[in-house]
Amino acid sequence: MTNMERHSYDVLIIGAGGAGLRAAVEAREAGLRVAIICKSLFGKAHTVMAEGGAAASMGNVNDKDSWMVHFRDTMRGGKFLNHYRMAELHAKESPDRIWELETWGALFDRTKEGKISQRNFGGHEYPRLAHVGDRTGLELIRTMQQRIVALQQKDGRETGDMESHLKVFAELTITDILKENGKISGAYGYWRESGDEVLFEAPAVVIATGGVGKTFKITSNSWEGTGDGHALALKAGANLVDMEFLQFHPTGMVWPPSVRGILVTESVRGEGGVLTNNLGERFMFKYIPDVFKNIYADNEAEADRWYLDQDNNRRPPELLPRDEVARAINTEVKSGRGTEHGGVFLDVSKRIPADVIKKRLPSMWHQFYELAGVDITKEAMEVGPTCHYVMGGVEVEPDNAAAVGVPGLFAAGEVAGGMHGSNRLGGNSLSDLLVFGRRAGMGAVEYVKNNGANPVSDASIKTAAARIEAPFSREGGENSYSLHAELQEVTHNLVGIIRTGAEIEEAIKKIADIRKRSANVSVSGGRKFNPGFHLAFDLDNMLLVAESTAKSALRREESRGGHTRDDFPGMDSTWRKVNNISSFDGKQVNVKAQPLPPMPKELFDLFDIHELEKYLTPEEIAKGGSN
Amino acid sequence: MTRKLNLRIWRGDATNGALQDVIVEANEGEVVLDVIHRVQATQMGDLAVRWNCKAGKCGSCSMEINGKPRLACMTQVASYGDDETITVTPLRAFPVIKDLVTDVSFNYRKAMEIPAYEHPKELAPGDARMEQIDVERSQEFRKCIECFLCQDTCHVIRDHEENKKSFAGPRFFIRIAELDMHPLDTLKNRKRTAQEEHGLGMCNITKCCTEVCPEHIKITDNAIIPMKERVVDIKYDPARMFAGLLKREKRN
Numbered sequence: 001m002t003n004m005e006r007h008s009y010d011v012l013i014i015g016a017g018g019a020g021l022r023a024a025v026e027a028r029e030a031g032l033r034v035a036i037i038c039k040s041l042f043g044k045a046h047t048v049m050a051e052g053g054a055a056a057s058m059g060n061v062n063d064k065d066s067w068m069v070h071f072r073d074t075m076r077g078g079k080f081l082n083h084y085r086m087a088e089l090h091a092k093e094s095p096d097r098i099w100e101l102e103t104w105g106a107l108f109d110r111t112k113e114g115k116i117s118q119r120n121f122g123g124h125e126y127p128r129l130a131h132v133g134d135r136t137g138l139e140l141i142r143t144m145q146q147r148i149v150a151l152q153q154k155d156g157r158e159t160g161d162m163e164s165h166l167k168v169f170a171e172l173t174i175t176d177i178l179k180e181n182g183k184i185s186g187a188y189g190y191w192r193e194s195g196d197e198v199l200f201e202a203p204a205v206v207i208a209t210g211g212v213g214k215t216f217k218i219t220s221n222s223w224e225g226t227g228d229g230h231a232l233a234l235k236a237g238a239n240l241v242d243m244e245f246l247q248f249h250p251t252g253m254v255w256p257p258s259v260r261g262i263l264v265t266e267s268v269r270g271e272g273g274v275l276t277n278n279l280g281e282r283f284m285f286k287y288i289p290d291v292f293k294n295i296y297a298d299n300e301a302e303a304d305r306w307y308l309d310q311d312n313n314r315r316p317p318e319l320l321p322r323d324e325v326a327r328a329i330n331t332e333v334k335s336g337r338g339t340e341h342g343g344v345f346l347d348v349s350k351r352i353p354a355d356v357i358k359k360r361l362p363s364m365w366h367q368f369y370e371l372a373g374v375d376i377t378k379e380a381m382e383v384g385p386t387c388h389y390v391m392g393g394v395e396v397e398p399d400n401a402a403a404v405g406v407p408g409l410f411a412a413g414e415v416a417g418g419m420h421g422s423n424r425l426g427g428n429s430l431s432d433l434l435v436f437g438r439r440a441g442m443g444a445v446e447y448v449k450n451n452g453a454n455p456v457s458d459a460s461i462k463t464a465a466a467r468i469e470a471p472f473s474r475e476g477g478e479n480s481y482s483l484h485a486e487l488q489e490v491t492h493n494l495v496g497i498i499r500t501g502a503e504i505e506e507a508i509k510k511i512a513d514i515r516k517r518s519a520n521v522s523v524s525g526g527r528k529f530n531p532g533f534h535l536a537f538d539l540d541n542m543l544l545v546a547e548s549t550a551k552s553a554l555r556r557e558e559s560r561g562g563h564t565r566d567d568f569p570g571m572d573s574t575w576r577k578v579n580n581i582s583s584f585d586g587k588q589v590n591v592k593a594q595p596l597p598p599m600p601k602e603l604f605d606l607f608d609i610h611e612l613e614k615y616l617t618p619e620e621i622a623k624g625g626s627n
Numbered sequence: 628m629t630r631k632l633n634l635r636i637w638r639g640d641a642t643n644g645a646l647q648d649v650i651v652e653a654n655e656g657e658v659v660l661d662v663i664h665r666v667q668a669t670q671m672g673d674l675a676v677r678w679n680c681k682a683g684k685c686g687s688c689s690m691e692i693n694g695k696p697r698l699a700c701m702t703q704v705a706s707y708g709d710d711e712t713i714t715v716t717p718l719r720a721f722p723v724i725k726d727l728v729t730d731v732s733f734n735y736r737k738a739m740e741i742p743a744y745e746h747p748k749e750l751a752p753g754d755a756r757m758e759q760i761d762v763e764r765s766q767e768f769r770k771c772i773e774c775f776l777c778q779d780t781c782h783v784i785r786d787h788e789e790n791k792k793s794f795a796g797p798r799f800f801i802r803i804a805e806l807d808m809h810p811l812d813t814l815k816n817r818k819r820t821a822q823e824e825h826g827l828g829m830c831n832i833t834k835c836c837t838e839v840c841p842e843h844i845k846i847t848d849n850a851i852i853p854m855k856e857r858v859v860d861i862k863y864d865p866a867r868m869f870a871g872l873l874k875r876e877k878r879n
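Heads up: the protein sequence lines correspond to chains L and P, in order. Counting from 1, position 244 in the first sequence corresponds to residue 244 in the numbering used here; the numbering is continuous, with no gaps. Here the numbering used here runs 627 ahead of the position in the second sequence, where the first position is 1.
Keep in mind that the hints are not guaranteed to be accurate.
Claimed, not checked - Think about it this way: if two alpha-carbon atoms lie no more than 27 Å apart in a straight line, the pair counts; the simulated DSSO-like pairs of lysine-lysine are:
1) L:Lys359 - P:Lys845
2) P:Lys792 - L:Lys154
3) L:Lys115 - P:Lys748
Said to hold, decoys possible - Computed footprint of chain L on chain P, listed as stretches where at least three residues anywhere in the stretch have a Cβ under 8 Å from a Cβ of chain L:
4) 674–688
5) 743–749
6) 757–767
Note that these hints are calculated values from the structure, not bench results. Beta carbons are placed, not taken as given, at the ideal position from N, Cα and C, and that holds for glycine.
Kindly generate the complete structure, drawing on both the sequences and the hints.
Below is the structure:
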């Protein structure tokens, strides 16, 4: 810690994606001094990858839409494991959050009346996704990035220094969240560029670090998705909720290797894309679950007719929910009916004329043409499931995003748990990060008002500094790149899309072994912009996350949403009543069950009782809501 | 379809550096970023390179490949000859930090100098009405992924450090154009400040920026030239000069 820098702020925000930036705007507008930590350059966060849109029941395209319908869709999508209060707040507030972006300069696509246009998406009853072509996430990030600059310019006019009250620390990694007397006191980390250490003193910390995709071998996530916030929160004494639930998007690219995992948008199937195996068989007809038999066609003729007449025909089975399609593809490949590169074929070329494909799926056409050399107007794509999103995350109080059990700590966006239950609907992520990013900012403001600075002790600094210095003091130890690859093999093979008890147990053992060896990672080269050194810390986080996922997956003896147990294939209403709560005792992750808060009557009554009977226990149905 | 590739990588920092040759495996379909990652994982653990999405959407892995500003994630190894050496060097317009990573903070400083969007005060959230055709003009510029390849290639600053102070560069000309064409923005005189404060006049429309833009934004034709034309109109329109209307000019 010879070169340690020291900064002091009211609120420290870790993560500069949508949730972090929205929290920062809220805290600064309330008058606080705010620091934003960005692992990459400012504006590169994974939020830019979101294509479809942000779900908000503005009712611009169909005025029957309302927060109640959105709430219902969200609970259904999550198979009723969502925290009802988060789903309620999200559905009620997302329209205001979208309109607010417009006052900051966002330019969404328009309806004929000049309102914000909204598109259909899986699981949403009405057209609901505000969008900008297929780059909605980029629009969100840019708008908030520019809002941050606007606030800095205002500060500049008042204080003469644009960064006096709001500063972005780009390319900086946080390695520890610090506490004194049981409360948050700040965080410690290093500049990626120089390797120099940095101490932030702040009574409130907002974690907004996104997902965990890099724990898995095939993922749509960038290098940043290493579960940093999940692990930092665990180590700071917070809990993670339901880490077994991961969303595997059914269609990621599988070939060539350079693009493995990159998303192929759901719209390809919506436009008529057909899935086939290496025998040329349109296999999805074999995988229609009983509960969906009345809405999905069981023969090709009817499925094909649906595209022309949706009122008198059932939907093609390619449009089943994401988890169903992902499992079907996985089974085909495991049964030896996959493509040469371990996927299946997705083909739009036989059904739609080339010019229509280029018009309706422009970015997909470009993506395959430029990255894979495949012309999707003439040939099939090779696709397979890719780890896309983690539903599990930090256990928070819904109204202020406060992490349960750690005063001064807040979490919002993908890193927070509860909102999406066992499965997230497309479009609900961008609205989630706006709604709860703002609420986390509000929560931090309220907390700082009532709790002053909490100085960091020298002992805490010493411990945090020692951790950063350790990999350089070892020689001839393990290589972090190889350990990362090993971890990805374990998660992919043993806690992936289909799980069994025996395999998960094996995974837990292997993860523990890799963790033991990772304590002996050594780093070549110096401190300056050294990716090997950076990975050593990311690896530490991924190992904790993987342990939490595996242990939660082992406990949950049922299949629901993003968690499929081959040995427990059914959904079980007694398991719906509990969350798996992970905590960390300094040595290992422990998981225990915790009851979900029951829905109050006014929300309970929004559903058809016959639908609730599929999910809730008879006692819960008899009670009819908690109040 | 694995082959041996001769990769020549610039390694070093602000004080010194040199090209280093390595031989690395390249598989069918791989892009330059893939082979750089392979070198990093197997031969040079501390090789510095920026990247994020690996899908051409975040603009992080900008570098120069055989002298051309490009995104490494969108550059196929197969687009070079089988025996051709691929040379990767850091962006020339910006100071080197280490290896392929440069200090691009110039761009973030310039971003802070462009006056922000100003929403009409009387227009409440949700009340905005805009035609699709009107938002599309600005949307073209909002596609920008901030890879800064246009800044790197722009000869006004590429080899002229002294111009950086008074020149915002193509990325920020499209930012100004975007705000200038925004149907709701109320701030006046954006074009004039582009000329007077951000160096629009230094651009002599060689279109190098448009050529390297991975988002195919027509930077020169759709942003720079229209602004230059209007600035000329405003400045030399005798009637306007006479009426002293300059400061009220907002949009045409």
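Consistency of the hints with the structure:
no.	hint	in the structure
1	L:Lys359 - P:Lys845	holds, 20 Å
2	P:Lys792 - L:Lys154	holds, 22 Å
3	L:Lys115 - P:Lys748	holds, 19 Å
4	674–688	holds (count 14)
5	743–749	holds (count 3)
6	757–767	holds (count 6)
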